[in-house]
Structures are given as C-alpha cells and as structure tokens.
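Enquirer: Heads up: the sequence lines are chains P and S, in that order.
Mapping the first sequence onto our numbering, position 106 (from 1) lands on 106, and the numbers just tick up by one.
Mapping the second sequence onto our numbering, position 23 (from 1) lands on 23, and the numbers just tick up by one.
Heads up, a few of these hints could be off.
[What the hints assert, rightly or not] With a Cα cut of at most 30 Å, we get these calculated DSS-like pairs of lysine-lysine:
| no. | chain 1 | residue 1 | chain 2 | residue 2 |
| --- | --- | --- | --- | --- |
| 1 | S | K206 | P | K80 |
| 2 | S | K380 | P | K66 |
| 3 | S | K206 | S | K47 |
| 4 | P | K80 | S | K328 |
Hints are computed from structural coordinates only; laboratory data are not their basis.
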Amino acid sequence: MIPACRLADLPRGEAFRLDIDPPVSVFHTDDGEVFAIDDTCTHQDASLADGWLEGCEVECPLHASKFDLRTGAVDAPPAKLPVRTHEVVVEDGMIYVRVSTDAPNLPPCIASRLAGGPA
Amino acid sequence: MRTVAVVGASLAGLSAARSLRRQGYDGRLVVIGDETHRPYDRPPLSKEFLAGTLGEADLGLEAEGEDLGAEWLLGTRATGLDRASRALRLADGREVRADGVVIATGAAARTLPGSAGLAGVHTLRTLDDARALRAELARGGRLVVIGGGFVGAEVASTAYTLGLDVTVVEAAPTPLAGPLGETMGAVVSGLHADHGVRLLCGVGVKGLGGEKHVDAVLLEDGRSVPADIVVVGVGARPCVEWLEGSGVALDNGVKCGADGRTSLAGVVAVGDCANWYDPRAGAHRRVEHWTGARERPDAAVTALLAGGAVEPGVPRPPYFWSDQYGVKIQFAGHAAGTDSVTVEAGAVDDRDVLAVYRRAGEPVAVLGMNQPRLFMRWRKQLAATS
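Just chain P, same shape as in the assembly:
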C-alpha cells in the first residue's frame, strides 16, 4: 500500500495526485467518500485530478469525458476505455492506495511513449 496524504489535508470536492508511474488520483467526494483511480484520462494526456468532481463522477479538464469513480466506467465520451480503479484504505487519518495489478488503459500517445515509440 502506498501512503497518499492525510484525510484531513484533502477537503471534500478536492483531489490529490500521487506521482507514481502511472500517476494515481485520490478523490474526496462531497459525500465524504474517498476513491482512487488512474490520474491520466484514457482518451488523451490529461490529469483527472485537474478535472471537475461532481457526485461520484469526474469530468476530464480537456475534452469533458466523464468517469465513474466507483467503477472507472466511461459515463461520457470521447473516452472509450475505463480508467483503472484502486483500493483505498484510510487508517489513523492517513489515506493509503493499493494499486491495482491490472494493466492501465493509458491514452495512445502515452502508451506509445512508454513502448519506446515516437513521443
């Protein structure tokens, strides 16, 4: 498990980006729930932590794709693939993330960069 930040330091409606590779975002919803998903939009290179959080849904700041924080599912295009979700544990006021072992759905431009193709 990777420690992210203290729950008290993450106000409701805000997100915290964990700079691991690939980065993961932790969202604290207005209802007080905490979710973690891959930070990079599956459509193009954008940080979902910069996005707009509404209920259990985050809207990508660039092209307005929406993802369900609970399942990672695409609620609105242009994204076609879900984001990975990660298990969140809050212990002694600290938020921890257990990073999924599934393969991430990174956007084509990032995937090709990681594969050594043209950046």
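Let chain P serve as the given structure and place chain S on it in line with the hints.
Expert: What follows is chain S alone, placed relative to chain P:
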C-alpha cells in the same frame, strides 16, 4: 416515428444517433455519410495523427462493441431532400424515406482560388486529407501555411516538431483576433516566433507559384515565399448546397431555432452546418467546435422526438481547445464585444496563463494556456452564471 435518417456520420451525426437510442427511439435508424470511414475524431488530424503518434485505429469514435442498431450508408453523399415525400436522395441513386431527419453534414475546408491541380497544395479536414499531408510532411522541406487560425497554427506546430522549415502567412494584422480578441490573439500566435517559425501578418496571398508542383506562395506586397508544401487553412464553409430548394431555410448554414429545429417540421440540424439561435446573444451563431457537435445533438433529438413541444435550454458557453508547441490552449465563451482582459494567474510571457474576458465587469469568456485545472473551474463558473 418509424424511420429517422441522420445525414452525416461524423461526431455530430454519431452523437445524434446515440441520443436517439438513449432517448428511447427504437425505430429504423439510417446514418448516411459521404466519407467511406466509420465515425472518427477530427481534432487529432492536425496534431497527433499528423505527427504520427496516433494511428487510424485510435481515431475511431465508437466504443468497442458499440451497436446502435443503425443502417450505415457510408461513402455516399446526400444530394437532396424532397419535402413532400420526406425522402433523401443519395448520390448513388438510392432514396431513403424518413419521418425524421437530422442534418449533420458538417463543413468543408475553403480552398484558394486557382490552386486546383497544383501538386503540394493541401487543405486539412478529412482523414484522407490528413493521410496525404502526413505522407508529404514526412519528406520534409519548406512548408508555408496560409492562414494563422487554429488549424493552420496546429499544422505549423506539428510540422515544426517534424523538423520542417515553416512559415505562416496571415491576412489579418493579428492571428486569432476573431476568436480570442487582439490582445490574446497576439499572445497565442506569439508561440510561432517563440519556436523560430516565421509569421507574416497583415499581408494577403495573391497566388501560388509553380507549374505542376507548387514552388512559392506569392504575397500581395510582391514578396514570394519559397514553398515545397502549402497548407491552406482559411476556414470552412457549411455543406448545405444539397438542401437548396428543399424548403429548409438556409442562412450561413441551416437556420435553426435554439433547439436545432429547422424551418421544416421533423427536420433538425446539428454540428458545423447548423446555425443555431443563441438566446443569450439574441442572434444566430454557427459554432464549429467539437464540443458543440458532441453536446447539441441531444437537445435537437429531444425536439425532434417531441415534435417541438419542448422548452429549449440555454446553451452552455462554447468551448474549444488547441494544442500548439506543447502548450494546451483552452477557450470558453465569446470574446467579441468584451471590454477588458485580465490575467488571473500565470504570465503571458511564460505562455502559462489564465485570462478572463469581461463585459461591464461580468466574466463572459476565459482563456487558458497550460492551465487546465483553473480553466475548468472558470468554465464551470461561466456556464453557471451566464
């Protein structure tokens, strides 16, 4: 309604087809497209696709396994709409009778008079255009982009990344002054000079030099700019000629109400070809943005299915983005008629800035350069207040 025909198979047409199914329409659905391709995303054509970092498979707009239960008639153009029989005539001679019609025929790139038949001269609108230009850029050389608007600027930026020698020619004194205003138009188009790309402003193009292949762009002030490749990025015109005489009122595209309804009952129009009434502006505005093509069909489909008995909502402020020289540019709202632009974060010289446009003290538009987080918040605020 037993048959709905969507004329146009790009983002607006696909979004309309999706909305029809989502809103419960379960009758026959026919989608007609003049290109042979399944719906694909156009914004990357001047950017990642042109640069070679995104392949054709990545451009597809449909999700894997997505099935709208539609008949796709691709590779054939609609040539007419018969008002009495509500039948669409297609270029291949077929006819499609429909109770409801969604017009989503988009826009076509404007060309330069006299440039036909000259090799090395390109416009960029379709996948086929982008394939041809990509192949030519790969050979390198001197590129002259005519038009400093968004498509032109993005092509210049991509070509710069690919190592070409690039010149941009813009007839107006300041590129992008229309959409962004003079001040910020100058800031954003300053990205060219930042990267050593020549920008010639305030000078028109007289013609092109060359016999079979272009070899120069001839300017009105007498200068001649040597060129191996020319990209003409001088805007687009709505593809509505096929509707002339159909009874669908045309005025800078298809003239529509605030919900996409046209002058003919049972016919709505969406996307780049549609000139919607904007209640906030008190005028018609034809919006050529991706976001409009994606969002507006939902309202138009509601009006179509309801037969017009719905109260149209107030449209969200138009939003578009551009990527140039590694800088994410985002804009929402209307810059026209604003009386002040203030920098709220960052600095223009760093090309990292959030600027807010105001009219009589009220924010009416916002521009971000590399400020996605703050921009998103301002855009939401604009939508909520305006």
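Enquirer: Evaluate each hint against the coordinates.
Expert: Hints, one by one, checked against the model:
At most 30 Å may separate the alpha-carbon atoms for a hinted pair to count; K206 of chain S and K80 of chain P exceed this at roughly 45 Å. Our distance criterion of 30 Å between C-alpha atoms is met by K380 of chain S and K66 of chain P, whose separation comes to about 15 Å. For the hint pairing K206 of chain S with K47 of chain S, the CA-to-CA distance comes to about 28 Å; that is within 30 Å, so the pair holds. This hinted pair checks out: K80 of chain P and K328 of chain S have alpha carbons roughly 22 Å apart, not beyond 30 Å.
Hint 1 alone, counting from the list given before, is not met by this structure.
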